[in-house]
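Colleague: As they're listed, the protein sequences go chains A and B.
Numbered by this note's numbering, the letters in the first sequence go through residues 1 to 84 in order.
Numbered by this note's numbering, the letters in the second sequence go through residues 1001 to 1595 in order.
There could be a bad hint or two in this list.
[What the hints assert, rightly or not] Heads up, simulated DSSO-like pairs for lysine-lysine below, C-alpha to C-alpha not over 27 Å straight-line:
no.: 1; chain 1: B; residue 1: Lys1103; chain 2: B; residue 2: Lys1042
no.: 2; chain 1: B; residue 1: Lys1130; chain 2: B; residue 2: Lys1103
no.: 3; chain 1: B; residue 1: Lys1002; chain 2: B; residue 2: Lys1103
no.: 4; chain 1: A; residue 1: Lys46; chain 2: B; residue 2: Lys1103
no.: 5; chain 1: A; residue 1: Lys46; chain 2: B; residue 2: Lys1130
no.: 6; chain 1: B; residue 1: Lys1407; chain 2: B; residue 2: Lys1318
no.: 7; chain 1: A; residue 1: Lys46; chain 2: B; residue 2: Lys1120
no.: 8; chain 1: B; residue 1: Lys1407; chain 2: A; residue 2: Lys78
no.: 9; chain 1: B; residue 1: Lys1002; chain 2: B; residue 2: Lys1042
no.: 10; chain 1: B; residue 1: Lys1042; chain 2: A; residue 2: Lys78
no.: 11; chain 1: A; residue 1: Lys46; chain 2: B; residue 2: Lys1121
Keep in mind that the hints were calculated from the coordinates and are not lab data.
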Amino acid sequence: MSAAEPLPPTVTLASLHPGDAATLAAIHTDDALYQRLLALGFRSGKLVQVIRRASFGGPLQVRIGTTDILLRRAEAEKITVQQP
Amino acid sequence: MKRIALLGMPNTGKSTLFNRMTGGAARVGNWPGITVELLTGKILLGANMVEIIDLPGIYDLHGFSEDEQVVRHFLHDNVPDLALIVLNATQIERQLSLLLQLKQLNLNMVVLLNMADEAKKFGITIDSAKMSESLGIPIFQMSAKYGTGYPEALHAATRALRYPTPRMAEQLRAQLEQDDHIESEMARVLQHSVQVPARMPDNLTTRLDQLMLHPWLGLPIFFGIMYLLFQGIFLFGQPLQAGVNTAFGWLREAAVAPLFSGLPPTLQGLLLDGVYNGVATVAAFVPIIVLFFLFMAIVEDTGYLSRAAFLMDALMAKMGLDGRSFVMLLMGFGCNVPALMGTRVMRSRSLRMLSMLVIPFSLCSARLQVFVFVSAALFSPQAAPLALFSLYLFSFAAAIVTALLFKGQFPNNEPFVLELPPYRFPTGRQMVMRGWHEVTHFLRRATQFIVAGVVLVWLLTHLPASATPAGSDTFAGIIGGWLHPLFAPIGITPELTIALIFGFVAKEIVIGSLAVIYGLSGEALSGALAQQLDWVQAYSFMLFTLIYTPCLSAIATLRSESRNMGFTLFAIGWSLVLAWAVSFTFYQGARWLGY
Ligand SMILES: Nc1nc2c(ncn2[C@@H]2O[C@H](COP(=O)(O)OP(=O)(O)O)[C@@H](O)[C@H]2O)c(=O)[nH]1
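Isolated chain A, as found in the complex (with noise of 0.2 Å):
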């Protein structure tokens, strides 16, 4: 990608599907969260993958690096990320 050409858009991590993945933009949650993601390695720029979400509109779990995390889709409506 050049510099000049725009970035593409950005969505939330909740709306990505099972196998989807992206770059971690930004994250939107209140001090106490933000610091408990960042420690689980959320950080921008890190690719993050979607790797299953629970039945019933229960949590996701999503990969970044060598940690699999679960959240709940309100939390990941908070993170913004951008599809390549």
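Chain A is already provided as a structure; the job is to place chain B with the ligand on it using the hints.
Modeller: Using the frame of chain A, we list chain B with the ligand on its own:
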């Protein structure tokens, strides 16, 4: 004595390392500045005794959870002579952030990259020498589980202990504010020393999870596993328990009774029918307890509990709880006390309180003893395991009903974010240590409560001296008589009422006190129960035992964890009301249906 603190993120193997260092000989210690108890152990390192302290796992030093506050306060008020920082080597890319934060505190530290065995399997290579050089801290790779690299790590710790203990920086918080450069620092360190494959190999965990976390099969599989576990405990455990009982009976006739034959009859009765019968009946459960905790340890260690959290979170959310509350409920099947303490990972006080309100309904291993005994005595061999399993369902149901009723009082919007570890399987050594730990824990409880409990039961059922033993004119009979109007509608006899009163202290005493009340143990006690009760009464008794107040230790834990006496009293009161209502409905319903 010098002190070494183990620090690191949750699930990095701190406890495993702690057990390896101390051989499992831990005790609980109190520390200035913090209200919770920490595990400590003393070992000989080099020529000196040192004290090892296992701190709760933390994600970062800023964290807002109770555990993170505990660690902050601990470090501030009790600067360790050495901090052993345990990091998961497979996640070094992100766990480095905690190390960099800790580094700002100027602690004397040695870093252990644990789970080196897994890192190797995942194709992650770490040049610890290079990393050590770029950070200026000694860094070692090891496996706490299998022991590789452990001697070197211990050696490094011994050497590092020679350095003087640093002083804690006055402005702990201010030091931590400058977090901004951590990211670039992480990149710098990782760049030359760590290589992680771009894609994780398609390993066992991925394949297993396709089945275990399957959208439709996941939950049925979960309940299937639970069912098999409890069936297994009953099928293996019950004959073992009966066998031990027979052995105790034989020992009594062969050795203990002759030994006491010279004593006056009352004292003989107290020692034999009171202490010996009571304790032997309780001790007969040791095999079941060990078996149970071995199963629990395996389930816990495999990482399946986090999967259960994934599967159940959506349902738990409807009850105002989350996946972690569910895991704590499952942990409560072992013992409610650690499960109650496990709620510390929750940040929202409401969520924590609601979880603590429902955890005591978890059918803990002490209650399991009562149910194994009573259901084996009153139900056919085919029906007994089913009766037991149905009690587990009631246990869940009580928790669900309670949560649904009170979720309005404890509203929360705590985020649910949880790590999903890979599947792991405990080694034989880990299982033996766990089994041993449970035996000693049980014996400690036995000496604390059970002996005193059964002696008291014996006295109540034999005094005043003029009364017929266990008759209605003894103290126990009188108390049973008072309470009779309350317990008759739920089919519970005065004898059982006395046992329930003692069950308030510890559920292990329930069967022990029945042994004392009837003056019988083992088979003979089962026989007496079967003669006096029908299955409806027995089941009603089990329901009541399941739901009414957790034991004294659980109450104490509720009180200390909630720091709220009103809440504690409410939890006790509610469980009594619910227990009575459920038993009443069951008992009267069954009678009405003609059973
Ligand atoms: N493969 C592997 N597993 C380990 C190692 N150390 C600990 N574990 C496992 O990792 C899990 C978490 O360990 P634990 O000691 O409870 O972690 P803690 O939360 O930091 O105390 C357990 O299942 C351990 O058996 C190790 O060196 N290698």
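Colleague: Look at each hint and say if it fits the structure.
Modeller: Comparing the hints with the structure gives:
1. Lys1103/B x Lys1042/B: Status holds; Cα separation ~26 Å.
2. Lys1130/B x Lys1103/B: 17 Å, holds
3. Lys1002/B x Lys1103/B: With Cα atoms ~20 Å apart, Lys1002/B and Lys1103/B stay inside 27 Å; holds.
4. Lys46/A x Lys1103/B: Given that 27 Å is the threshold and the Cα spacing comes to 24 Å, the pair holds.
5. Lys46/A x Lys1130/B: 24 Å, holds
6. Lys1407/B x Lys1318/B: Holds: Lys1407/B and Lys1318/B sit about 9 Å apart, inside 27 Å.
7. Lys46/A x Lys1120/B: Roughly 23 Å between the alpha carbons, so the hint for Lys46/A and Lys1120/B holds.
8. Lys1407/B x Lys78/A: 25 Å, holds
9. Lys1002/B x Lys1042/B: Since the Cα atoms of Lys1002/B and Lys1042/B sit roughly 10 Å apart, the hinted pair holds (cutoff 27 Å).
10. Lys1042/B x Lys78/A: The given pair, whose Cα atoms are some 46 Å apart, is violated under the 27 Å limit.
11. Lys46/A x Lys1121/B: 23 Å, holds
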